[in-house]
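Residue numbers (my numbering), protein chains in the order written: chain Y, 1 to 203; chain X, 1 to 203.
Since the hints were made in silico from the structure, they are not lab data. Everything numeric in this text was worked out from a predicted model, so none of it was measured. Mixed in with the good hints there might be a few duds.
Identical chains share a label here; the pair holds if one copy fits it or two copies do between them.
Unchecked claim - Straight-line distance between alpha carbons at most 25 Å, and here's what the computed DMTMM-like set of lysine to aspartate or glutamate pairs gives:
1. K121 / D109
2. K121 / D50
3. K22 / E99
4. K51 / D140
5. K51 / D7
6. K22 / D109
7. K121 / E41
8. K22 / E96
9. K121 / E53
10. K22 / E53
Number of protein chains: 2
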Amino acid sequence: MGRWGPDARGPLEQAAVALCLKHGYAQVTVVAIAQRAGFSERTFYRHFADKPEVLFAGFQYFHDNVVHLVTSAATSAAPMERVAAAFEQAGAVFPENAEQLRQRQGVIDSTPELRARELSKVATLTAAVTRALLQRGVADPAAMLSAEAGTLAFRIAFATWINATSQEDWPRLFRQTLDDLGVVITSAVSHGTVSVKRPRVSI
Amino acid sequence: MGRWGPDARGPLEQAAVALCLKHGYAQVTVVAIAQRAGFSERTFYRHFADKPEVLFAGFQYFHDNVVHLVTSAATSAAPMERVAAAFEQAGAVFPENAEQLRQRQGVIDSTPELRARELSKVATLTAAVTRALLQRGVADPAAMLSAEAGTLAFRIAFATWINATSQEDWPRLFRQTLDDLGVVITSAVSHGTVSVKRPRVSI
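The following block holds chain Y by itself, in its conformation from the complex:
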C-alpha cells in the first residue's frame, strides 16, 4: 500500500474505496469496510469519527506532512516559498499511490456529501498552514495569503494531476500552477478601475 497512510487507516481507506466503487457510497456500511480490511467496527471508530472520514485517511496524512514541512522549513525563505516547497515535497507520495488516489477521487467526486467534506478538509489545511507560519514568526496577512494561495495551487494542480492520462511530474505541475496563478492575478493588478496603493503585505 505504499507510504499512503500508516497503520490501520490506510487499509481501511482502501477497503472503503473498493467497496464504494463496487456498491456505491450510500450502500456501504462501516461494518463492511472494517470486515473487508480485517478489523473490527470498534477499530474503525478508533481511527475515524464517521463513515465519510475514512475516505480522507490519505488526505490527513498529506495534511500532517504539509504542516510538518512548513513548520520545519528554514525561515530564511519567503513564507510562500516555504508553503510551495511543502506542497511539492508532501506530494512525493502521489505517484506510488496514483491508482488508489484516482479511485478514491472518483468516489468523492460522485458523492455530494464527500465533495463537501473535501472542501472542509482543504479549508482546515489552509488554517493549519496559516497557524504553522504564524508560529514561525510570519506576520498576517502574509501567513494567511501564502497558505490560501498554496492550498489553491495544490487543489488546482492535484485535479490536473489526477485527471491526466499520462503521469505528470508533481513538483513541476504544482510549481507551474502557482506560477500561472501569479501571472493571471498580475494581469489584472494595476489595470483596475480602482487605483491601488503600494501593497501593504510584507513578505
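Given chain Y, work out where chain X should sit, using these hints.
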C-alpha cells in the same frame, strides 16, 4: 431591506437570521421562519430546497450578479480584470446590508453544517464564473485560474470586510487583496527548487 435579495427570499433570510440569533440554528424550524416572515411553509419550499439554503439567499443574489457582470463584460479586458471588476461591482450592495450580513455570517460561522454549505456555494460560484468566461471565448486554464483567483480574493476580502470595526471601502479592499495575493505568489515564483518554464497560460 435594501437591494439584498428580491421578493420573498430576502425577508425569509432576514427572518431566519433573526430566529437563529435568538434560539440557535438547530432549534429553528422552517415553519417558524416562514411564519415570522409572513409566508407559508409552502412558499418557503418554493424558494429554498432546505433549511440551510435560506441563509444563502443573499449569496445567491450576489452569485447571479457576479456571473451576469462577467458575462456582460467587454472582452477587450483581460479575463482576470473582468472577474475582478465583477466582484467589485457586485459588492456594491454590501454597505447598505452590512448589519444583516454581519448577523448572517455570525450564524454561519457558528454552525459547521452552514460553514460546509458556504464552502460549497463558493465552489459553485467559481465553477459558474469559469463557465461564463469560457462562453465568452476565454480559453482554459486562464478561465479557471481567473475564476479561482477572483473567488479566493473575494473570500479573503469579504472576511476582512465583515470583521472590520470601521467600514472599509469594498472595491478598494477587494483590489488590495487581489494585489496582495499577486505579490505573495510572485515572491515564490522563480525561487523554487524546480526550474519553471515560461508560463503556459495565455491571458
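Discussion item. For a quick check of understanding: which of the numbered hints are violated here, in increasing order?
Written reply: The structure breaks only hint 4.
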